[in-house]
Amino acid sequence: MEIDLDKKFNNAYEYASYLNEKISNIDLKKYRWDRGLFNWVSAAYFPSFFPGIRSGTDEKNRFLSEEKGKWRRQLARTLWEIYYVYKEDSLCLLYKPTNNYSDELETISKSPIMFSSKGVVQAYSALYFKKKSSTSGEQAYKRGEVGDFRDFIEELYQIELNLDIYRMSKDQILNKLNEKFSKK
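In the numbering used here, each residue carries its 1-based index in the sequence shown increased by 10.
Don't read these hints as lab results, they were simulated from the structure. There could be a bad hint or two in this list.
Straight-line C-alpha distance at most 30 Å; calculated DSSO-like pairs for lysine-lysine [to be verified]:
| # | residue 1 | residue 2 |
| --- | --- | --- |
| 1 | 40 | 141 |
| 2 | 141 | 17 |
| 3 | 106 | 141 |
| 4 | 140 | 190 |
| 5 | 32 | 17 |
| 6 | 193 | 152 |
| 7 | 186 | 140 |
Derived CB-CB ranges, DEER-like [said to hold, decoys possible]:
| # | residue 1 | residue 2 | range |
| --- | --- | --- | --- |
| 8 | 193 | 14 | 42 to 52 Å |
| 9 | 156 | 36 | 42 to 52 Å |
| 10 | 140 | 17 | 24 to 34 Å |
| 11 | 173 | 31 | 31 to 41 Å |
| 12 | 50 | 112 | 23 to 33 Å |
Just so you know, these numbers come straight off a predicted model, no measurement behind them. For glycine and all other residues, C-beta sits at the position ideal for the given N, C-alpha and C.
Using the sequences and the accompanying hints, generate a full structural model.
Following this line, the structure appears as structure tokens:
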């Protein structure tokens, strides 16, 4: 696999689609879970991923992953995996800079519900994302407002108690949300 070490990315979507193109010819059954591959990518694009000085002992797991169980916290891999699974639908999760470990990415890394189905990702996009172009967009909510992203995740957990959310379409999910989401 050959990559351009001088390549600059406007956002995580551009990075993920570029990497997906570069690794499309490798055996994903063998390398999809390979920590070495994504640690190497993290090192190669470290300036794109490094957010600067922050606190927190878990920060290193976002760049170099030693444990298989922490793969979702490994930023180079997580961004690619989201694109690999959802292709163009992933823009709503990948529109921020590559070094922005957003609330959404943190939620995805800790809980699989947001990463569980196309219907969930499309419902999230319909509620919280404004597409500007094929590779850019912006967040359509403010953290802390009624019906924000965190409320959405909580609502999904409630729906999941009685329904198979993983098989639901975007419209089915949107129709099951309570009234605080109707203003979105």
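Okay, the hints, checked on the actual structure:
1. 40 / 141: With a Cα-Cα distance of about 35 Å, the restraint between residue 40 and residue 141 is violated, given a limit of 30 Å.
2. 141 / 17: 24 Å, holds
3. 106 / 141: 12 Å, holds
4. 140 / 190: 19 Å, holds
5. 32 / 17: Given pair residue 32, residue 17 holds - Cα atoms ~13 Å apart, limit 30 Å.
6. 193 / 152: 14 Å, holds
7. 186 / 140: 22 Å, holds
8. 193 / 14: 42 to 52 Å: 44 Å, holds
9. 156 / 36: 42 to 52 Å: 45 Å, holds
10. 140 / 17: 24 to 34 Å: 27 Å, holds
11. 173 / 31: 31 to 41 Å: 36 Å, holds
12. 50 / 112: 23 to 33 Å: 24 Å, holds
Of the numbered hints given earlier, the model fails hint 1 alone.
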